[in-house]
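**Q** This is what each chain is made of:
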Amino acid sequence: MKRVKIVAGLLWAFIGLIVIIILFPGLNSFSSSLSRAPFMKLNPRYTGGAVSKQLISERCTLDVRVPVFNGFLKERNTGFVQLDWRGTLPDKICDSIDYDEDGVKDFCIAIDRTEMKTTFESYNVQAKNIIISTPTSYGWAVRIGLLKVPKSKLP
Amino acid sequence: MDNILTIVGMQKSFGKSLLYSLPMFLISFMFLTGGRPDFSNPASGIALMVVFLFVNLLYFLMHYTGKTDRFRAVLFIIFALSLSYTLIHNMLEVRKSMSFNQADILECKIPFCHLVIPMMLLPAAFTKSIIFPGSIIGGFANISAMVVLWLGATLVLGRGFCSWGCFYGGWDDGFSRVRKRRAIKQISDLWKWMPFAVLLMVMLTAALSLTPTYCSWICPFKAVTEFEQVTSVESATKAGIFLSLFGGLVVVLPVMTRKRTQCSFLCPLGAISSLSNKITPFTVKIDKTACTECYKCVEVCPLFALSKEGIKEGEVSLFCSKCGKCIDACPKKAIHYGIRGIPAGTMKNFSRNLFLFVSFLFMAVFSSGPIINTLQGVLKLIF
Ligand code: SF4
Ligand code: SF4
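Protein chains in written order, with my numbering: chain A, 10 to 164; chain B, 11 to 393.
Hints were generated in silico from the structure; no laboratory data involved.
Treat the hints loosely; a few may be bogus.
[To be verified] Heads up, simulated DSBU-like pairs for lysine-lysine below, C-alpha to C-alpha not over 35 Å straight-line:
| id | chain 1 | residue 1 | chain 2 | residue 2 |
| --- | --- | --- | --- | --- |
| 1 | B | K22 | A | K14 |
| 2 | A | K62 | B | K138 |
| 3 | B | K26 | A | K14 |
| 4 | B | K26 | B | K343 |
| 5 | A | K14 | B | K306 |
| 6 | A | K114 | B | K138 |
| 7 | B | K288 | A | K14 |
| 8 | B | K106 | A | K126 |
| 9 | B | K248 | A | K157 |
| 10 | A | K50 | B | K288 |
| 11 | A | K126 | B | K248 |
| 12 | B | K138 | A | K50 |
| 13 | A | K11 | B | K298 |
| 14 | B | K106 | A | K50 |
| 15 | B | K342 | B | K318 |
| 16 | A | K114 | B | K119 |
| 17 | A | K14 | B | K343 |
| 18 | A | K101 | B | K119 |
| 19 | B | K22 | A | K11 |
| 20 | B | K306 | A | K11 |
| 21 | A | K114 | A | K126 |
| 22 | A | K157 | A | K83 |
| 23 | B | K358 | B | K342 |
| 24 | B | K318 | A | K11 |
| 25 | A | K157 | B | K138 |
| 26 | A | K62 | B | K119 |
| 27 | A | K11 | B | K343 |
| 28 | A | K137 | B | K119 |
| 29 | B | K248 | A | K83 |
| 30 | A | K101 | B | K106 |
| 31 | B | K248 | A | K137 |
| 32 | B | K26 | B | K288 |
| 33 | A | K62 | A | K137 |
| 34 | A | K50 | B | K248 |
| 35 | A | K11 | B | K358 |
| 36 | B | K138 | A | K83 |
| 37 | B | K288 | B | K138 |
The structure displayed is predicted, hence computed values, not measured ones.
Extracted from the complex, chain B is given alone in its bound form (with noise of 0.2 Å):
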């Protein structure tokens, strides 16, 4: 029976599937509407409602197919592509334009993103100040709510910030997706370690010249955020250093290859992410005894976390985002959602529903406000 509804991809019964999305059904109203929905606007409150809806129905899918990152996926580039429209759209409303001026970085009125993070550390501590033109507290993306969100899903998530919170990761996942098939096949996963090199770079310079010289220089994302004006050399190289990373690592090396180019070998947060794997509660993990090392997880891994080496050993890398492809992959079930001192191969399934609830319910909340934007912008356009 197990077999045919695994081939069937229906992993629970409908009813107990729906009995194991009632939490979340339940807690998301809760967070989303405050208890009660307010539809005195009718854009804002049917955007909600959909929002609410959508994002439950994936929670459900997820119990009743027994599969995780296609349904994560939907919701993660989605959540993606309503970020970049929430913040493009508020500065082409306030500024008539996607990039900011002198003014805007004097007022310190440029919105905060946690990829600055590991450039504040050694300031920080060492100036006892934070290196960026935001707002501490108060107003569109503040320091203290970005840094508080952050720690919270890191501490309890690892790197799966990087498949479960993160508002630009959706965008290589996404293009990642786009073939069938690796046109590039042999990358060396050396360059895995990269992220840890480009760290300590963006962490020293920073520190030396008190700007956060990855937004400033290098971040791929300003392509689809908001970026310096172009006024000067200067101003021109930066817009033409992150268009460049942007097409080569976050569209077209994520399209010939099926991984996450963008994550795996450029971003620093994602380095500091990875050490927080080593503290988590929750890990992936590999029961030796069914595993049958067909090497299949390896192959769909899009982080370069898994190797045949690894798999030999029982070992998920500090790499690992729990996103859950391997494990939709694997047609053992031998690589599987753990916790923390729970042996491989045991309390699988009560390992796989808490870490969903966890990990989804993060995911829920802070993508909401963004996709409800975009689809009240979307309701807009139509009526």
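Same shape as in the complex, but just chain A (with noise of 0.2 Å):
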């Protein structure tokens, strides 16, 4: 048995040699494999969420993305919605939204770039308020704050 343990031991430190030498040179290909595994996403909390349409203009585009209400075993009664402004920018921006896909315009949003000031109008109560609005390499990113409200609840 000691004899066993004994051997059992050296191979274990020889694996644990090996681990290490190849560990750096392999670093690439691991870490790309490790990359496509399942959960190795990032939680759309910090990609913003999927981009769920496009509105495109002249110099610049709108990415809407899909609400995000993410939470860690069920969705969570708050929420928020990402608008990614690319391209050339005006130096002021107005839209006006419609998140869900009713139909209806949900919110307006208002941005002036040399100002660095953004307003925001809701016309729904599910919109409740600006989260984030900031200058990116990209163009601009706004964050709305979303509150889920019961159907039998709604005005």
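Join the two chains into one complex using the hints; note that each chain is given alone, in its own frame.
**A** This is how it looks when you write it as structure tokens:
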């Protein structure tokens, strides 16, 4: 038994030696394999969610993303919708958005890029407030806070 | 003869030590230079060669003197300092500030560090996603590469990662060496269980909020890397917490106690790494037949891994980071590096040589990038 333990220990130590020797030369291939694992994707709370529609104008596009209500075990009652303006943006942006695709505008957002000021007007009780409004490397991004209100309680 | 060598601190002859250092010399040369050092940019070529020679000198000295910890600590501390320099330098160059802003978070451009790993686990299992605004693959400090490096090192070294791999550990390791004597002698070693409480707390809060709460609210190393721009009461509170924890646990307490208090009392990743000590091939063992119970090792251990009761039983606890400090301090050579399954007191030199090769190779290669980068920065400043 003692001898088996010694041999197993030595074997394990040599495997350890090999692991460390191949770790750095193999880092790119190991990490790209790991990146393909099903859980290796960023949570929508960080990416902003998938793009649900794209509004294209002459010099810029507006990506409206899928509302994010992600929670740990179940969806939350609060979330956000992210809007990304890309391309050559005018100094003043003003867009009305129908984020839930029901054919009715839910809010209007106005951005003054020179003053760094954003104003928001809600037409839907579920669209609450501006969480983030910031210039980005690709243009401008805004997150609007959302609240899930049961249909029965909607006006 | 052995005694004389021990007194002057020389364990192997010059030639034998060179022979033992040769594999490290060759393999680190291949890893650092790709087999062909590039001198097209003289500053980077010189920095590369200086770092290569320096790490190999440290490794040679480990063999020549028979001492481990002092040479390990030199590289470990330089690693921590240069990593902070590299991160801050990157931030200042790209963003003109040490803090990141909302756009960096929205665009998922935050460098990933291994301390996030404990908080990723539950969300990865239940939501099949990663709760960190970084890059999954590609770019500086991407999530996949950092996870692979940590997994590999933890599988082989266990909590040895905390003395041979972590680019933060060098901070409190360094400050714990500033004073010769301890100003605070009595600390209840019950505190060493605290990281498990922190681990549980941050895992649960991170899962429930889907945010890496330790990074957002607690991590002392934000003070020497990057943190959120102070734009509100909340961000100011966070910055206050980061700075106080850094000042208290990384600077003041290590200086006063000569212990690595941040790693011993706070770090949740340290807790996970401790558990991995149960399976790793390399361990630290006590030869009870040689031990005279002088407890010099208990006194010097910076991570509360040894206790008088444990020494009597011949046991090193799971908190051990394999730093080698106790081994260097033991006058009877009773505590030593070992391999799982091999009885204490046997194959001591073989175990030490194999462990040193594995752990030092990891640290040398992992640390070389930031150290070369820092040295290059220094060379540019001078010339
Ligand atoms: S305890 Fe944490 S900070 Fe300290 S060395 Fe280990 S992982 Fe790094
Ligand atoms: S037991 Fe020895 S090797 Fe382990 S952490 Fe303490 S001093 Fe370092």
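**Q** Confirm or reject each hint.
**A** Evaluated hints:
With a C-alpha separation of about 30 Å, the suggested pairing of K22/B with K14/A holds against the 35 Å cut-off. Between the alpha carbons of K62/A and K138/B the distance comes to roughly 25 Å, so the proposed pair stays at or under 35 Å and holds. At most 35 Å may separate the alpha-carbon atoms for a hinted pair to count; K26/B and K14/A meet this at roughly 30 Å. Between K26/B and K343/B, the direct Cα distance comes to roughly 20 Å. Compliance with the 35 Å bound is thereby established for this hinted pair.
Proposed proximity of K14/A and K306/B is supported: the alpha carbons are some 31 Å apart, at most 35 Å. A distance of roughly 33 Å separates the Cα atoms of K114/A and K138/B; the hinted pair therefore holds under the 35 Å criterion. Between K288/B and K14/A, the direct Cα distance comes to roughly 15 Å. Compliance with the 35 Å bound is thereby established for this hinted pair. Only pairs whose Cα atoms come within 35 Å are accepted, and K106/B paired with K126/A is accepted, the gap being roughly 23 Å.
Straight-line distance between C-alpha atoms of K248/B and K157/A comes to about 30 Å, which keeps the hinted pair within the 35 Å bound. The suggested pairing of K50/A with K288/B holds, with an alpha-carbon distance near 31 Å, which does not exceed 35 Å. For the suggested pair K126/A and K248/B, the alpha carbons sit about 26 Å apart, so the restraint of at most 35 Å is met. Note on K138/B and K50/A: the hinted pairing holds, with a Cα-Cα distance of about 8 Å set against a maximum of 35 Å.
The hinted pair formed by K11/A and K298/B meets the criterion: a straight-line CA distance of about 18 Å does not exceed 35 Å. Between K106/B and K50/A, the direct Cα distance comes to roughly 30 Å. Compliance with the 35 Å bound is thereby established for this hinted pair. Pair hint K342/B plus K318/B holds up; C-alpha atoms about 16 Å apart against a cutoff of 35 Å. Between K114/A and K119/B the alpha-carbon distance is near 33 Å, which keeps this suggested pair within the 35 Å criterion.
A hinted pair counts as satisfied when its Cα atoms are at most 35 Å apart, and K14/A with K343/B qualifies at roughly 24 Å. At most 35 Å may separate the alpha-carbon atoms for a hinted pair to count; K101/A and K119/B meet this at roughly 27 Å. Annotation: proposed proximity of K22/B to K11/A holds, straight-line Cα distance about 30 Å (limit 35 Å). For the given pair, K306/B sits about 31 Å from K11/A by alpha-carbon distance, which is consistent with the 35 Å threshold.
The hinted pair formed by K114/A and K126/A meets the criterion: a straight-line CA distance of about 22 Å does not exceed 35 Å. Distance hint between K157/A and K83/A is fulfilled; the C-alpha atoms sit about 13 Å from each other, no more than 35 Å. For the hint linking K358/B to K342/B, the alpha-carbon distance of about 13 Å falls within 35 Å, and the restraint holds. Pair hint K318/B plus K11/A holds up; C-alpha atoms about 28 Å apart against a cutoff of 35 Å.
Using a Cα cut-off of 35 Å, the hinted pair K157/A and K138/B holds, with the two alpha carbons roughly 23 Å apart. With a C-alpha separation of about 24 Å, the suggested pairing of K62/A with K119/B holds against the 35 Å cut-off. The hinted pair formed by K11/A and K343/B meets the criterion: a straight-line CA distance of about 24 Å does not exceed 35 Å. Restraint check for K137/A and K119/B: satisfied, since their Cα atoms lie roughly 28 Å apart, inside the 35 Å limit.
Taking the CA atoms of K248/B and K83/A, the gap is near 28 Å; set against the 35 Å cutoff, the hint holds. The straight-line distance between the Cα atoms of K101/A and K106/B is roughly 27 Å, inside the 35 Å bound, and the hint therefore holds. Among the hinted pairs, K248/B with K137/A is consistent with the structure: their alpha-carbon atoms are about 26 Å apart, no more than 35 Å. Between K26/B and K288/B, the direct Cα distance comes to roughly 33 Å. Compliance with the 35 Å bound is thereby established for this hinted pair.
Restraint check for K62/A and K137/A: the C-alpha separation of about 21 Å stays at or below 35 Å, so the hint holds. At roughly 27 Å between alpha-carbon atoms, K50/A and K248/B fall within 35 Å of each other, so this suggested pair holds. This hinted pair checks out: K11/A and K358/B have alpha carbons roughly 17 Å apart, not beyond 35 Å. A C-alpha spacing of about 13 Å is found between K138/B and K83/A, which places the hinted pair at or below 35 Å, so the restraint holds.
With a C-alpha separation of about 28 Å, the suggested pairing of K288/B with K138/B holds against the 35 Å cut-off.
Every hint, counting from the list given before, is met by this structure.
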